[in-house]
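Fit chain B to the known structure of chain A by using the hints.
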Amino acid sequence: RKEVEQDPGPFNVPEGATVAFNCTYSNSASQSFFWYRQDCRKEPKLLMSVYSSGNEDGRFTAQLNRASQYISLLIRDSKLSDSATYLCVVMGQAGTALIFGKGTTLSVSS
Amino acid sequence: SQTIHQWPATLVQPVGSPLSLECTVEGTSNPNLYWYRQAAGRGLQLLFYSVGIGQISSEVPQNLSASRPQDRQFILSSKKLLLSDSGFYLCAWSVGGNGGYTFGSGTRLTVV
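Quick note, the sequences are listed as chains A and B, same order.
In terms of my numbering, the first sequence has 105 at position 105, counting the first letter as 1, and numbering is strictly consecutive.
Take any residue in the second sequence, count from 1 to its spot, add 110: that is its number in my numbering.
With the rest of the complex left out, here is chain A (with noise of 0.2 Å):
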């Protein structure tokens, strides 16, 4: 099983539309999960943190599901400039660095 796996899309929604992307972990004892937004050929850029209890920051609001080892991200109200690859990191089995998923494509239409 991969560390961390991701639907790579693309999910193609019209402007305004909800859309969620998930994501499967390996090692049950990770600690640290994050969501990154990676524009095309840039680096990738902290979209927000993962807390057990769930959080939200404006549009966007993370879960985490520890028993299933399943972490998700929902998008509100999309915006064309929400169009990105969304990566999904789960710190890794030696708690020393980060593990990156091959990332969510998202691709927002007017």
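One or more of the hints may lead you astray.
[To be verified] Footprint (simulated), chain B over chain A, 3 or more residues, beta carbon under 8 Å:
id, region
1, 28-42
2, 45-57
3, 64-76
Hints in this document: simulated from the structure, not taken from any laboratory.
Glycine included, every Cβ here is placed at the ideal spot set by N, Cα and C.
Just chain B now, kept in the frame of chain A:
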């Protein structure tokens, strides 16, 4: 505020040539430093990480090496590049063990 610098932004090198990519961090002390590579159509792969001067951990055996001669400087090197070394090389830093990373703007390397 903390900033991270990587250069060059793009690089085209012939097979068998050497490589040296440099990354520097400003505005913080004793950061954890990381080198990742993103090959075309693939996810980010951790290459090396360092928790202090002279301390390098390698994640993937290959013809690359890393060094940390100063607290805020991290260098990625190769003596002889292979075609498979092409990719987007990203340096990142963090402070502490469980926080997110901040990435530099990356170097896009093409080996021809």
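For each hint, the structure was consulted:
Evaluation of the coverage hint for the region 28-42 of chain A: fulfilled, as 6 residues show C-beta separations to chain B shorter than 8 Å, against a requirement of three. Residues of the region 45-57 of chain A lying with their CB closer than 8 Å to a CB of chain B number 3, which satisfies the three-residue condition for coverage. Counting residues of the region 64-76 of chain A whose C-beta lies closer than 8 Å to any C-beta of chain B gives 0; at least three are required, and the coverage claim is violated.
In the structure shown, a violation is registered for the earlier hint numbered 3 alone.
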